[in-house]
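Participant: The two chains are supplied separately, each in an independent frame; assemble them into the complex guided by the hints.
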Amino acid sequence: DQQVKQNSPSLSVQEGRISILNCDYTNSMFDYFLWYKKYPAEGPTFLISISSIKDKNEDGRFTVFLNKSAKHLSLHIVPSQPGDSAVYFCAASRNTGNQFYFGTGTSLTVIP
Amino acid sequence: EAQVTQNPRYLITVTGKKLTVTCSQNMNHEYMSWYRQDPGLGLRQIYYSMNVEVTDKGDVPEGYKVSRKEKRNFPLILESPSPNQTSLYFCASSKGISNQPQHFGDGTRLSIL
Numbered sequence: 033d034q035q036v037k038q039n040s041p042s043l044s045v046q047e048g049r050i051s052i053l054n055c056d057y058t059n060s061m062f063d064y065f066l067w068y069k070k071y072p073a074e075g076p077t078f079l080i081s082i083s084s085i086k087d088k089n090e091d092g093r094f095t096v097f098l099n100k101s102a103k104h105l106s107l108h109i110v111p112s113q114p115g116d117s118a119v120y121f122c123a124a125s126r127n128t129g130n131q132f133y134f135g136t137g138t139s140l141t142v143i144p
Numbered sequence: 208e209a210q211v212t213q214n215p216r217y218l219i220t221v222t223g224k225k226l227t228v229t230c231s232q233n234m235n236h237e238y239m240s241w242y243r244q245d246p247g248l249g250l251r252q253i254y255y256s257m258n259v260e261v262t263d264k265g266d267v268p269e270g271y272k273v274s275r276k277e278k279r280n281f282p283l284i285l286e287s288p289s290p291n292q293t294s295l296y297f298c299a300s301s302k303g304i305s306n307q308p309q310h311f312g313d314g315t316r317l318s319i320l
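Going down the list, the sequences are from chains A and B. Okay, so the first sequence: first residue is 33 according to my numbering, each after it adds one. Okay, so the second sequence: first residue is 208 according to my numbering, each after it adds one.
The reader is advised that the hints may include incorrect statements.
Not the full set, but computed from the structure, chain A residues with beta-carbon under 10 Å of chain B [to be verified]:
| no. | residue |
| --- | --- |
| 1 | Gln-34 |
| 2 | Tyr-64 |
| 3 | Glu-74 |
| 4 | Pro-76 |
| 5 | Arg-126 |
| 6 | Thr-128 |
| 7 | Gln-131 |
| 8 | Thr-136 |
Below 25 Å or equal to it, Euclidean Cα-Cα: the simulated PhoX-like pairs (lysine-lysine) are [claimed, not checked]:
| no. | chain 1 | residue 1 | chain 2 | residue 2 |
| --- | --- | --- | --- | --- |
| 9 | A | Lys-37 | B | Lys-264 |
| 10 | A | Lys-88 | B | Lys-302 |
| 11 | B | Lys-302 | A | Lys-69 |
Facing chain B, according to a computed beta carbon distance under 7 Å, are these residues of chain A, among others [to be verified]:
| no. | residue |
| --- | --- |
| 12 | Leu-66 |
| 13 | Gly-75 |
| 14 | Phe-78 |
| 15 | Ser-125 |
| 16 | Asn-127 |
| 17 | Asn-130 |
| 18 | Phe-134 |
| 19 | Gly-135 |
| 20 | Gly-137 |
Hints are computed from structural coordinates only; laboratory data are not their basis. What you are looking at is a predicted structure, and each value in this text was computed from that prediction instead of being measured. Glycine is no exception: its CB is placed at the ideal position from the N, C-alpha and C atoms.
The shape of chain B in the complex, shown without the other chains (with noise of 0.2 Å):
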């Protein structure tokens, strides 16, 4: 089954622990996301990867980071979270961004105490 898997679904944590959750996909897209969602303001991409070993900044990339060694994986590391990173986060997954809908995770809800 087509899927992209994220761990943990939930997490609550304290302020500057580091903690990273992971993001795997089985069908061998190029294009991986992170998003966060937060009441009000819909979903905003954090970072995206074209590919193995290329990465971006979205628009709200600050506290985070990412890597893509491998293409069904990209994690999302928080070095040193803060309660403002409370949030519902999302990967997702295409075959590309041009004309290609987007597979998504089904979400990991952190909250940073």
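Isolated chain A (complex conformation) (with noise of 0.2 Å):
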């Protein structure tokens, strides 16, 4: 059963304008949230995280929001530029635990 799920496969963006990319989990004991980008024939790459005790986490254009009553984490790209399409995987943890469990992934084209 899968505990982290991205339900969109794809989103298409237009250069500058924002991204929001959406990831939903069940198990309520996670409590270290990441995401990852990954091109084409490339290993994922750490882009940001986010721990249970916050609710938002800024990185120059990323930033991720955490809403623990929803069980909902979303990263949001702005502005979005062309070296951003790639495919974005959101990936969660428990501190307790030794195990990471990854979404399916979403494909973002951000179109020039």
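Facilitator: Here it is as structure tokens:
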């Protein structure tokens, strides 16, 4: 059973606009959430993370929001750039656990 | 340069012929893990290792073996590969699991005929 879900397989956004990627999870014990970015023929690379004690974390153009009551997190990219075109995975883990759980990915295309 | 190195990058083989995918990291990380990526299923964890000689099953361990004799190496072994193990495989490492992002290799594409 998929504990981390990304319900949008793809997203297209115009350059300069905001990209919003969504992720839902089912396990309320998750307390650390991450976003990874993946280009073709490469491994995923870490983008940004958030601990469950926060509801927002920002790093340059990237902001992750966490809504614990809704078990939902989102990644905002603003402004979007063509180089942001990639597959984005969200992931979660528990402080007391030993595993990472990944979503199915969202393919973002930023149109110049 | 900090990196996770997987070999081979591509392999086409036949059912039943044992194969090993190697993974090595140069960051002195304790935690290492193997994932497979399949369309519509995302990344699923096969096995992980918390440290030398400590390994455990992930979500999809059937048909795979691992070993962790040295801290830097974490090979994935398919004793008798089958076509349903055709997939894209990633090795990853991190300092630990608590609040630690993983570093991934560039992937190994396996085709089992």
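Participant: Work down the list of hints and note, for each, if the structure agrees.
Facilitator: We went through each hint and held it up to the structure:
{"no.": "1", "hint": "Gln-34", "result": "8 Å, holds"}
{"no.": "2", "hint": "Tyr-64", "result": "5 Å, holds"}
{"no.": "3", "hint": "Glu-74", "result": "5 Å, holds"}
{"no.": "4", "hint": "Pro-76", "result": "5 Å, holds"}
{"no.": "5", "hint": "Arg-126", "result": "9 Å, holds"}
{"no.": "6", "hint": "Thr-128", "result": "9 Å, holds"}
{"no.": "7", "hint": "Gln-131", "result": "6 Å, holds"}
{"no.": "8", "hint": "Thr-136", "result": "4 Å, holds"}
{"no.": "9", "hint": "A/Lys-37 with B/Lys-264", "result": "22 Å, holds"}
{"no.": "10", "hint": "A/Lys-88 with B/Lys-302", "result": "24 Å, holds"}
{"no.": "11", "hint": "B/Lys-302 with A/Lys-69", "result": "20 Å, holds"}
{"no.": "12", "hint": "Leu-66", "result": "6 Å, holds"}
{"no.": "13", "hint": "Gly-75", "result": "3 Å, holds"}
{"no.": "14", "hint": "Phe-78", "result": "4 Å, holds"}
{"no.": "15", "hint": "Ser-125", "result": "6 Å, holds"}
{"no.": "16", "hint": "Asn-127", "result": "5 Å, holds"}
{"no.": "17", "hint": "Asn-130", "result": "6 Å, holds"}
{"no.": "18", "hint": "Phe-134", "result": "4 Å, holds"}
{"no.": "19", "hint": "Gly-135", "result": "5 Å, holds"}
{"no.": "20", "hint": "Gly-137", "result": "6 Å, holds"}
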